[in-house]
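Start from the sequences, fold in the hints, and give me the full structure.
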Amino acid sequence: MTGILSHSAIAAKHVSGLGRPNIIVMMVDDMGFSDIGCYGGEIQTPHIDALARGGLQFTQFYNTGRC
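Everything in the sequence shown is counted per the numbering used here, starting at 1236 for the first residue and increasing by one.
These aren't lab readings, by the way, just hints derived from the structure by calculation.
Fair warning: there could be bad hints in the mix.
[Claimed, not checked] Cβ-Cβ distance ranges computed for the label pairs, FRET-style: (1) Gly1254 <-> Gly1276: 29 to 35 angstroms; (2) Gly1254 <-> Tyr1297: 27 to 33 angstroms; (3) Gly1254 <-> Thr1299: 31 to 37 angstroms; (4) Arg1255 <-> Phe1293: 17 to 23 angstroms; (5) Gly1275 <-> Asn1298: 31 to 37 angstroms; (6) Gly1276 <-> Tyr1297: 34 to 40 angstroms; (7) Gln1279 <-> Gly1254: 31 to 37 angstroms.
Predicted model, so just to flag it, every value in this text is computed and none were measured.
Ideal placement from N, C-alpha and C gives every residue a C-beta, glycine not left out.
As structure tokens, then:
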């Protein structure tokens, strides 16, 4: 999490004249990759889908399960 936010802050400094970026980080539990609409899920998530259409979507990521 810290790495993502740090990288975003550094990347934002290199963009000139565009103002501050809007960053939304969603932390959820027990959600699968395709549970929301923008990743092909059956659950209707119109607001999240709208954010995904107007922003950046990560399509390759990894998770280490810990119980």
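Each hint, compared with the structure:
Remark: the range hint 29 to 35 angstroms for Gly1254 to Gly1276 is upheld by a beta-carbon distance near 32 angstroms. Between Gly1254 and Tyr1297 the Cβ separation comes to about 32 angstroms, which falls inside the hinted range of 27 to 33 angstroms. Our hint of 31 to 37 angstroms for Gly1254 and Thr1299 holds, since their Cβ atoms are close to 36 angstroms apart. One distance hint, 17 to 23 angstroms for the beta-carbon pair Arg1255 and Phe1293, holds here, with the actual separation near 21 angstroms.
Checked against the given bound of 31 to 37 angstroms, the beta carbons of Gly1275 and Asn1298, roughly 18 angstroms apart, lie outside it. For Gly1276 paired with Tyr1297, a C-beta distance near 20 angstroms fails the hint of 34 to 40 angstroms. Between Gln1279 and Gly1254 the C-beta distance comes to about 32 angstroms, which sits within the given range of 31 to 37 angstroms.
The structure does not agree with the numbered hints 5 and 6 stated previously, though it agrees with the rest.
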